[in-house]
Amino acid sequence: MSITLPDADSARLRMRQALHRAPLFADLDTASMAAVEANLSLMVLPGGTPLFRQGEAADAVYVVASGCLGVFRHEEEDGTEEPALIAEITPGNIVGEMSLLSHTQRTRSVAALRDSEVWRLGEDSFETLTTRHPEVLPALMRNIAMRNAMGPSKRRRQPRTFALLPAGPDVPAARFAVLLANALGRIGDEVQMLGPESLSEEPEWFAQCEMSSSFVLYRADPTPTAWTELCLRQADCLIVVRRADDSQPTRLPFEIEATQAGAVFHRRRELVLLHDSHDPQPGSTAPQLAGGVYGQHHHVRLDLPSDFDRLARLITGHAVGIVMAGGGARAFTHIGVVKALRASGVPIDLTGGTSMGAIIAAAVAARWSDEELALRFRRAFVTANPLSDYTFPFVSLFRGKRVTQLLRTAFGDNDIEDLILPFYCVTANLTTSMADIHRNGRLWRWLRGSVSLPGVLPPFNDAGQVHVDGGVIDNLPVREMRRMGRGLTIGVDVDTAGALSAGEGVEDSWSAWEFFRRLVWKRKETLPIPSIVRILLRSALISSTARAAEDRAAADLMIVPPMDRYDLLDWTKFDAAIETGYRSTMEALDKARTLPTGARLFVA
8 MSITLPDADS
18 ARLRMRQALH
28 RAPLFADLDT
38 ASMAAVEANL
48 SLMVLPGGTP
58 LFRQGEAADA
68 VYVVASGCLG
78 VFRHEEEDGT
88 EEPALIAEIT
98 PGNIVGEMSL
108 LSHTQRTRSV
118 AALRDSEVWR
128 LGEDSFETLT
138 TRHPEVLPAL
148 MRNIAMRNAM
158 GPSKRRRQPR
168 TFALLPAGPD
178 VPAARFAVLL
188 ANALGRIGDE
198 VQMLGPESLS
208 EEPEWFAQCE
218 MSSSFVLYRA
228 DPTPTAWTEL
238 CLRQADCLIV
248 VRRADDSQPT
258 RLPFEIEATQ
268 AGAVFHRRRE
278 LVLLHDSHDP
288 QPGSTAPQLA
298 GGVYGQHHHV
308 RLDLPSDFDR
318 LARLITGHAV
328 GIVMAGGGAR
338 AFTHIGVVKA
348 LRASGVPIDL
358 TGGTSMGAII
368 AAAVAARWSD
378 EELALRFRRA
388 FVTANPLSDY
398 TFPFVSLFRG
408 KRVTQLLRTA
418 FGDNDIEDLI
428 LPFYCVTANL
438 TTSMADIHRN
448 GRLWRWLRGS
458 VSLPGVLPPF
468 NDAGQVHVDG
478 GVIDNLPVRE
488 MRRMGRGLTI
498 GVDVDTAGAL
508 SAGEGVEDSW
518 SAWEFFRRLV
528 WKRKETLPIP
538 SIVRILLRSA
548 LISSTARAAE
558 DRAAADLMIV
568 PPMDRYDLLD
578 WTKFDAAIET
588 GYRSTMEALD
598 KARTLPTGAR
608 LFVA
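In this text, residue positions in the sequence shown follow this note's numbering: the first is 8, and each later residue adds one.
Treat the hints as calculated values from the structure; they're not laboratory data.
Here the structure is a predicted model, which is why all the values come from computation and not from measurement.
Each hint should be verified, as a subset may be incorrect.
Once the Cα atoms are required to be at most 25 Å apart in a straight line, the calculated SDA-like pairs of lysine to any residue come out as [said to hold, decoys possible]:
1. K598 with R559
2. K408 with T579
3. K408 with R449
4. K408 with T390
Derived CB-CB ranges, DEER-like [stated by the list, open to error]:
5. Q303 with G195: 14 to 24 Å
6. T438 with G290: 21 to 31 Å
7. S17 with R139: 21 to 31 Å
8. M441 with H27: 52 to 62 Å
9. E197 with T579: 47 to 57 Å
10. Q303 with A42: 20 to 30 Å
11. R374 with P176: 29 to 39 Å
12. H285 with R559: 32 to 42 Å
13. D286 with M50: 30 to 40 Å
14. R349 with S17: 45 to 55 Å
15. A64 with S440: 42 to 52 Å
16. L311 with H27: 47 to 57 Å
We put the beta carbon where it would ideally sit given N, CA and C, even for glycine.
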């Protein structure tokens with residue numbers, strides 16, 4: 008890796024400016040400052056290079072003169088796969104002083120987020136400084152106390168600089184960059200786009216570009232040139248852009264970044280698949296995902312500005328995700344929720360759900376219109392009841408073939424990866440006793456698993472593991488959406504409280520003769536006890552009720568349409584359920600607009 012060394016005079020000027028801003032040195036007189044300068048040594052850190060690691064001995068304090076450093080918390084503390092960025096150290100700030108003062112090992116790792124200039128003051132020089140000038144310690148301690156009081160940010164840091172990496176010379180990189188810049192401009196105030204002509208600039212210049220802009224786009228070359236290397240070092244997020252119809256294996260333009268020896272962190276990697284005037288072909292996406300090295304992939308049509316707006320929201324953390332709960336026929340209320348959000352101008356950028364909520368969420372992720380949602384679900388559930396193929400109850404009451412055929416007809420051979428919007432669904436894995444999150448694989452199969460109510464439909468078996476309705480464990484998987492960290496989360500719960508009751512005079516179970524008498528002589532009256540299907544459905548959902556409060560609290564906006572008047576299996580209340588969802592959402596949006604965040608988040 009090559010990096011241009013800064014001019015010595017300009018580097019020293021930046022160092023002096025940083026010293027005067029740093030709390031440790033700001034009050035020193037001229038002679039003392041000169042003595043400090045004489046003991047400082049310059050370190051030029053290419054982006055991604057570690058400054059020190061957790062557990063190492065503390066032997067110096069560092070002053071950031073240009074660029075930006077990141078402080079990272081390691082996975083054993085929060086169970087994440089990658090170290091979490093918890094703080095940024097910008098020019099004029101110091102790092103490493105806490106471990107030096109306490110004579111302990113480094114408690115965090117620090118690495119350069121950008122090409123950076125850092126000046127090192129060794130342990131002996133630091134102790135000499137604090138001994139001769141004890142007046143610097145109060146200011147230093149106030150700085151540490153303030154930093155500790157603020158604590159690390161609880162919200163994930165969102166990218167502001169992006170490296171656009173074309174996967175081949177035939178990618179319309181220039182057109183893509185302009186369209187993405189326009190979309191980013193609708194989110195932030197100013198967007199700068201930098202190309203190879205900026206290669207000779209010093210790190211300070213790039214830092215100024217970032218400080219003066221909401222977002223910076225680095226247009227890399229399609230080959231690993233010196234400019235491409237610089238783009239990889241400067242970017243928060245690497246965006247590989249390729250044509251969706253390109254059958255050649257994806258070259259990884261970020262191989263340089265990936266093979267850095269001893270890297271503390273790896274930047275977020277996203278894949279954009281460009282489509283010409285059509286959506287993905289079934290099964291075409293999975294082969295292009297390069298074995299899971301991308302954090303997210305995006306389907307973008309060059310002729311749809313709305314696709315670029317969605318991409319811009321997703322990569323900057325301004326997206327809106329919707330999570331839909333299961334609940335039998337009550338889940339049709341989700342269609343009304345979606346209709347209201349669209350009518351109000353609230354974008355839907357990601358979807359997820361459980362059971363019936365997962366099926367509707369998948370339809371939204373497939374970009375079905377309001378008319379398609381109503382027409383297709385009416386035809387599938389009202390005109391032809393999918394729960395009507397009874398069988399001998401060795402495994403379940405229904406064979407499930409009608410449900411399977413319904414899902415295969417609706418979604419064909421599409422994989423989850425082929426959906427336009429990012430999507431996930433949940434199943435309860437009876438083999439592992441865990442809730443499984445599904446983001447890839449044949450769509451209809453995992454929807455079939457997510458809706459497999461125990462005792463009602465046969466379980467779904469995959470690779471020797473048994474899956475049933477996700478509502479058994481997590482009926483409203485909001486926290487999974489929050490973990491994705493792409494923006495706001497809207498949760499839509501289907502309250503199943505009061506879904507089951509018996510007549511007041513009914514105490515004991517009925518015999519078969521009593522059922523027969525009721526069906527022959529009083530068949531027009533509602534049975535005073537719940538059917539076995541309703542009992543099984545309610546039993547499947549009740550186990551996740553205790554978790555529902557935590558899931559609801561995790562949502563930024565919670566919509567709970569009043570569905571207690573509707574039976575869990577009454578498909579005929581289709582239109583009423585949709586209307587209830589629509590009204591409830593409009594009311595929730597009106598309330599959200601009155602909140603400090605609501606006015607900013609839900610604007611048509």
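We went through each hint and held it up to the structure:
Only pairs whose Cα atoms come within 25 Å are accepted, and K598 paired with R559 is accepted, the gap being roughly 17 Å. Annotation: proposed proximity of K408 to T579 holds, straight-line Cα distance about 22 Å (limit 25 Å). A C-alpha spacing of about 17 Å is found between K408 and R449, which places the hinted pair at or below 25 Å, so the restraint holds. Between K408 and T390, the direct Cα distance comes to roughly 17 Å. Compliance with the 25 Å bound is thereby established for this hinted pair.
A beta carbon spacing of about 20 Å between Q303 and G195 agrees with the range 14 to 24 Å that was offered as a hint. T438 and G290 have their C-beta atoms about 27 Å apart, which keeps the hinted 21 to 31 Å range intact. For the pair S17 and R139, the beta carbons lie near 30 Å from each other, so the given range of 21 to 31 Å is met. The supplied range of 52 to 62 Å is met by M441 and H27, whose beta-carbon atoms lie about 55 Å from each other.
The supplied range of 47 to 57 Å is met by E197 and T579, whose beta-carbon atoms lie about 55 Å from each other. At about 51 Å, the beta-carbon gap between Q303 and A42 misses the expected band of 20 to 30 Å. Remark: the range hint 29 to 39 Å for R374 to P176 is upheld by a beta-carbon distance near 31 Å. For H285 paired with R559, a C-beta distance near 39 Å keeps the hint of 32 to 42 Å intact.
Between D286 and M50 the beta carbons are some 50 Å apart, a value that contradicts the proposed interval 30 to 40 Å. Look at R349 against S17: about 53 Å separates their beta carbons, and that is inside 45 to 55 Å. A hinted range of 42 to 52 Å holds for the C-beta pair A64 and S440, which are about 44 Å apart. A C-beta distance of roughly 51 Å is found between L311 and H27, which places it inside the suggested range of 47 to 57 Å.
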